[in-house]
Structure formats: C-alpha cells, structure tokens
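J.: Letter by letter, the chains look like this.
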Amino acid sequence: MSKIIKLNRGLDIHLQGEPAAKIIDATGSDTFAVSPPDFDGVVPKLLVREGDVVKAGSPLLFDKNRQQVIFASPVSGTVTEIRRGEKRKLLSVVVTSDGRGESLEFKIPSMASASREDVAGMLLSAGMWPMIIQRPYGRIADPAAKPKAIFVSGFDSAPCAPDMNFVLSGELDNLRKGVEVLKKLTDGKVHLGLRAGTEGVLNRVDNAEQHFFKGPHPAGNVGVQIAHVDPIRKGDVVWTVDVQNLAIIGRLFNTGRVDMTKIVCMSGPHVVRPQYYKIIGGAQVKSFVMNSNIKPVAEGHSARIVSGNALTGGIVSREEFIGFYSNQITVLAEGDHYELLGWIAPGLDKMSVSKTFMSWICPRKKYNIDTNLHGGHRAIVVTGLWEKYVPMDILPMYLVKACMAGNIDKMEALGIYEVLPEDMALCDFVDPSKTEVQEAIAQGINLMIKELS
Amino acid sequence: MISKLLRDIVDRVKPPFEPGGKLGFLHSTFDAFETFLFAPNTVTKKGAHIRDAVDLKRTVFMVVIALVPALLFGMYNTGLQHFRAIGDVAAAADVLGCWWYGFVRVLPLILVSYIVGLGIEFAFAQKRGHEVNEGYLVTGLLIPMIMPIDVPLWMVAVAVAFAVIIGKEVFGGTGMNIFNPALLARAFVFFAYTPFISGDKVWVRGVTKGGEYLDGFSGATPLTQLGENASDMLAGADVWSWIVGTIPGSIGETSVIAILIGAAILLYTGVASWRVMLSVFAGGLVMGLLFNAIGGTPVMDMPAYYHLLLGGFAFGAVFMATDPVTAAQTNVGKVIVGFMIGAIAVLIRVVNPGYPEGMMLSILFMNALAPLVDHFVVAANVRRRTKVAKVKTVK
Chain A
53 MSKIIKLNRG
63 LDIHLQGEPA
73 AKIIDATGSD
83 TFAVSPPDFD
93 GVVPKLLVRE
103 GDVVKAGSPL
113 LFDKNRQQVI
123 FASPVSGTVT
133 EIRRGEKRKL
143 LSVVVTSDGR
153 GESLEFKIPS
163 MASASREDVA
173 GMLLSAGMWP
183 MIIQRPYGRI
193 ADPAAKPKAI
203 FVSGFDSAPC
213 APDMNFVLSG
223 ELDNLRKGVE
233 VLKKLTDGKV
243 HLGLRAGTEG
253 VLNRVDNAEQ
263 HFFKGPHPAG
273 NVGVQIAHVD
283 PIRKGDVVWT
293 VDVQNLAIIG
303 RLFNTGRVDM
313 TKIVCMSGPH
323 VVRPQYYKII
333 GGAQVKSFVM
343 NSNIKPVAEG
353 HSARIVSGNA
363 LTGGIVSREE
373 FIGFYSNQIT
383 VLAEGDHYEL
393 LGWIAPGLDK
403 MSVSKTFMSW
413 ICPRKKYNID
423 TNLHGGHRAI
433 VVTGLWEKYV
443 PMDILPMYLV
453 KACMAGNIDK
463 MEALGIYEVL
473 PEDMALCDFV
483 DPSKTEVQEA
493 IAQGINLMIK
503 ELS
Chain B
9 MISKLLRDIV
19 DRVKPPFEPG
29 GKLGFLHSTF
39 DAFETFLFAP
49 NTVTKKGAHI
59 RDAVDLKRTV
69 FMVVIALVPA
79 LLFGMYNTGL
89 QHFRAIGDVA
99 AAADVLGCWW
109 YGFVRVLPLI
119 LVSYIVGLGI
129 EFAFAQKRGH
139 EVNEGYLVTG
149 LLIPMIMPID
159 VPLWMVAVAV
169 AFAVIIGKEV
179 FGGTGMNIFN
189 PALLARAFVF
199 FAYTPFISGD
209 KVWVRGVTKG
219 GEYLDGFSGA
229 TPLTQLGENA
239 SDMLAGADVW
249 SWIVGTIPGS
259 IGETSVIAIL
269 IGAAILLYTG
279 VASWRVMLSV
289 FAGGLVMGLL
299 FNAIGGTPVM
309 DMPAYYHLLL
319 GGFAFGAVFM
329 ATDPVTAAQT
339 NVGKVIVGFM
349 IGAIAVLIRV
359 VNPGYPEGMM
369 LSILFMNALA
379 PLVDHFVVAA
389 NVRRRTKVAK
399 VKTVK
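Those protein sequences? They're chains A and B, same order as listed.
Residue numbering for the first sequence follows the working numbering, starting at 53 and increasing by one per position.
Residue numbering for the second sequence follows the working numbering, starting at 9 and increasing by one per position.
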C-alpha cells in the first residue's frame, strides 16, 4: 500500500439527507436525452431527425470542432423531440425508449494486441469519448492528444455524495477492463485516487496506480488529487474519467454493447427518503425524482432540484434530464425568505465556518441549508479564508483576481492549468462577500481557451 | 408575528424606492435599511447552491462587539481620570458615576463619526448604485476610540470626511483602500491639528479648558512621560495600572485587559487573523529585547514587554493591524507585515524617545508596504510552479 496523502485544508459540509444504502430500480423509464449544454465548449450538430429509430450507441450529435467526437443515444427507441432554447440553441435530443434495450454491437478487440487507435476508435464510435475529460480546462479530450497520465477519482467527497464503493460493488470486472482500456490511451500511468481507511471494490482494482487520500472535501476532486500526485504544468495534458464512466467503458469492452446503466443517489435536506436509484444515463429527472419523495414546501415557496452536488451542480426541472457527468440529484429548499434582524440573530441552525453563529456549540450537527445567499455581494474584504479551503499549492485569491482582470500571463503563472471551478467551489461557499469564485474561474478558463487557441 | 407585520410595512413602502421608482435615486439607502432590518431573500443563481450563513454585516458586527469592552472601559476611564484630576476622590471611586460621566462625553464623538461617515458612504453608494458597505460601522467606532477625549467635534467631523473620501472612496470604497481609514483619520488630526492630539493636556477631560485641577497634576500619558523624563517614569512604573488601563490616553486604547477580551472574540470567531495579531506582538517584543541587548539609555533598557502595554500598541495590534483589507493578503505576508509593524512601532518609540505615535505611523507605513511584501510571496509561489515545469522539460 502506497503512502497516504493527507490533506488538511478543505471542509466537509454537514448537509442533511445523506443517501441510505438502498437501491431502487428505475431503469424502466421511457424518456431519455443527450443534452449538449452538459458538454462545455462543444458546438453540437444534429445527426438525426424526429422520428428516426435509434439503438443504444447510435450517434445523435457530433461536435462541429472535432467531428470524430459523437454523442450517442443511451437507449434504443425513437427520436421524439429536438428541444431548443433561445436563439434556437440545442438543449436536448430526446429519445423515447422502446424498452427492448437493443444496442449497436461492437467487435471486442483483444486487449493484448489492440492498438491505441483501435481502442480510441471504439470509444469514439460508441459515443463514449465524451467521458474522457482533458485538463487543463476541463473539456472533452482531444482524441489526437497524448496525455501524460490519466486520473480517476474513486470517491466523491461532496455534500451528500454517493458512496462509490457501494455504487460500483458489482462492477469489478468492468472497472479493471476500463483501466486496461485507459492504459492503451496513455504512455503514462492510470492513477486511481481512493479514500484512506475505506475498503471496497475499488481497492481491488489493482491494475491502476492507487493513491490514498485522507481529509475533507475537496479531497475527492480529481483536480486536487492530480495536484498532489503529478501536478499539471504549462504544456502538460492530463485526462480524467469519472469512476462510474470507467465502469461503463469497461462494460463496452467486456460485452461489445453500449449499456449506460449507472447508479445515482437522490439526496439532500429536502428529500423524504434519500437513497440510490439504478438508472440509465440521460434519464428524465421525473422518472426517478418523484414529487412524493420531495418534502412539501409552504405555499409560494419551491424546492430546487440540482443535477450534481450542492456546490457544483446545475439546476434542472423534473422535465429535464440528469447531467451526463452527474452521479447524484440534490434537492434543496429555495431560500427566498426574509429573516428579521438576521445579521444579529444567534443562529443556532446556521452553518458557518466562522464561529460568528452560536451553532459552533454543536459541531457534529447536520444542517438543512437552503439556497439563500445569506447576504449581498460585496468587494472582497476578508483575506486568508479561501486558502483554507483549496488544498493545492495555489493562491486562490490572486488567481481569481487574475481571472477577473482577464490577465492571461498572471492566470498562467498562478495556476489556471491546475484548477476547474469545482476545485474552488468551497470558496463560493465560505466567502462572506459572496464572491462568485467558480464563475470567475470558468470565465478565466474560457478566456484562456479563446486567447491561446 | 412582529416579523410578518414589519415585513408587510417594508413591502408597502418599498415600491417607490425600486430602481425606476419615484424615489429610485434613494435605492441604496433604502436597501441599506431594509437589509439591516431583514436578512435579504436573495437566492444563489450561479456557483455553489448553498452558502455559508456569514456575510459582511455579521463579520463587521463581530468586530463592533469585540470593541465594546474597550469602549465601555474607555468611558469609565474618562470619568475616572477627570475626577482624579480634580481631586474628587469620592466621585472617582464611584464606578457607575465615572462611566456615566464618560458615556455622556464619548457619545457625541461616536455620533459625529457615524453621522458624517455614514452620510458620505450612503452618498457614494447612491451615486455608484452600489449597496452600502458595512465596513464603516467598524471604522466609525474606531475613530472616536483612538482620539483624545478633548478633541473638538468639528475636528472629528473633518477627520472622518478626510478618511472616508480620500482614504477610501477615491480608491473605490471598502475593500479597495490602501490605508486603514480609522488610522488615517487620526493621522490627519495629528498632522493638521497637532496640539489637539499630543502633549499632556488633551488626555483628561476638561484640562485644556482650564479649571480646578490639583496642584502638580499632569495629564501626560505614560508614553509622553517616557519621552520627557524616562528615568522618573520608569521608577514610578505601575505596570498593573497599564494592564487594567486606569491611565490617561486615547479613549479606547488604555486597557490591555479590555482589548484582549476583544482579541479573544475576534480570534475565536475567526474574524481576525491570528497570524497578524501574534506577529505584531512578537515583532514588538523582539525589537524591545534587541534594544535591551544594546542598552545605553533608560528607554533602551526598559523591559521589552512594557512596549506592548503602553500607548496604542495593543489596540493597534488587535484592531488596526488585523484589518483584512489593508493588511497583507497572503498568509506569509501577514506574518512578515505584522512582525514589521510591531518592530517599527518600538523602533520609533525608542529611537525618538517616547514618541507616542509609533504604532499609528508603523501601521500606516506597513499598510503601504503590504502589497510589496505580498508581491514577493506571490512571486515565490509562481517560481515554485515554473521551476517544477522546467525540471520536467529537461528530463
């Protein structure tokens, strides 16, 4: 066992509604979609029309900038709707399942003799290439690039996140196969980050280079793990794959079929029974997020459904679809209420990393945190705070200021290649001035891509 | 119930103050009062969906709470010093009477500071269309606390105006300023109206106006005495009274105990940086010990810890040097700048014997240098990153 990497900085947010170890089968739903807004930087072009009959793995879309990258249907059925938003922006290609679960059949290459091109070609044509994310910038990987290493995080430390060892307990073969596949794509190593002190199926994935991490969120973020194992410097390219997607990739190479089945959790303080659901990727939210499982709200108020975790996810309605990269749905109460003299109230039920609320008396308490911003936007005043929540050798405030100022040289010097917005999500959470740190980083990344390509 | 009733009233008077309404030009002002009464109902729109309950109002309010012990003691001490000066032993022994006497004299200073300062802040927020920043709630209380009790009210008003406009608003408001605005106000009075903030007449209420004072009474602060006649002062040193704070001085600065209670609140709630606070004291102590080692003059030989108890050192270390906006922004920078503040304050005092403004000048000086210190800390971080990259490319 390699040595444990201990992270001291970060924060576990004690949010109510952690999922119970119970899985409900929700694979029988009928509406699925591929939603281009899930993929940053992609210019989607349609390959199908309403009424077309497709199988799992049939291409629905491709990226105009990289035409070999296609996005495939997760199920067999009929394309029933092309949803568009403002300015005809493509939102979702909706496929209604025929329930037969048919897939395109792919010829399984022998892993001993398969070349990098064979493997990449199969991932591309099965529509699984978008599962591979490239760093810097966090965009879909360039099939022509050669990464110096590939990283997979084996645990999720975000609030109310799924337990990956539980979710993947039956997937050992697929995980191991997935690692083999990834090894074909890089000359470097395939790294797997694990939480120190836990034992499970992921510990048995021994064909990857295992690293053990100890410490609070964001220890489970792959970006943080990269920074401690093999940091990204100027000119480096590193790829990352979500651990559930690793199993799905392995499944493709074990069976030759596209099977997007995965297990997600529905959790958070506003869920009646937080638990796991077995779904097929791209499922409509309402197919497993039942209104009856969302706590009732007072009249005039509402609940917020988030695809992903409470720090980094995106808002979805029940009519929309779970995000391509999401492993959880978080439900929170909307905090659109006033509070009399809120700035001085003792605040026993308020979670704060500062001890300015009396809630410090009960440190183990789990909180029902709603979406209230708790204050107004101000200039950055408190310093030295963000540093405590970014466990990397980075000066977050200077990096954020460089992003806000759009200074390419400074962003580069201060470490923009090493971070994605998610790695600095806790800064969003803790900042008393309510600075939108993730947004600033995202804009910085967009600018880098625009200016340097 | 009350909450609902109040909310209804606020909602009813709100419409004309909305942007575009009849009184829309007063939007910032209305917003300031509304958010004071009710924590706003804004929800997160981007970024993290959940946020820490703390905001700047809460943070700033914690500092105000931390200032209260020093303020209350300052009021008491105002009365105490006055009654001692006129030789009224009975009145000086009456704690509440002393406090009330001081309260009545200190309150006008606070009111003037808040009214003038907040007036300007509101006007600027209005003009810029911003929300009113809470920072002045602290600054406005700090300013009277670092003034002598006999400072004329108009002078406070002018100093506040200078500090807020030139010290803060020209840079873009709270969070953008280079110098600690409260200290700037004091520096302004010190350089523009020196006789009103130095010497031995101004620290006890009423002495400047003449009156019935005991023969041989001196209103000099220990620090002034140190400058005038170091050996006498040191011979009669009453360390305990310095710690408790029953000595003449600026209103809030005298009691080390009250200040340390404030420090405990600031550190426990995590509002102020322990790095800054600790390193200021360490800097002062180390510099004092250094002078002890050199020796020669009575001031140089004075026990090093005296420096930490006298004058504005403790107050400056706890409430001024820790101002997050004007302190260094990197953790390493905080330690360096804090240490320098303490060291330079003692250096000024010792080299220019008893010069009482050491702490003020030292903090303002290091405010100016903090960005430079940060620059080098940041450069070191950048170098670490690029150096590793170079090693890689060689391989």
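Since the hints were derived computationally from the structure, they do not count as laboratory data.
Glycine included, every Cβ here is placed at the ideal spot set by N, Cα and C.
Among the clues, some could well be false.
[Unchecked claim] Derived pair list, reagent style DSS-like, types lysine-lysine, alpha-carbon separation capped at 30 angstroms: (1) B:Lys135 / A:Lys453; (2) A:Lys347 / B:Lys54; (3) B:Lys54 / A:Lys440.
[To be verified] Listed next, the stretches of chain B that the computed footprint assigns to chain A, with coverage defined by at least 3 CB atoms under 8 angstroms from CB atoms of chain A: (4) 11-18; (5) 43-49; (6) 61-67; (7) 278-291; (8) 315-323.
J.: I'd like to know which numbered hints this structure contradicts. Please list them from smallest to largest.
T.: 8
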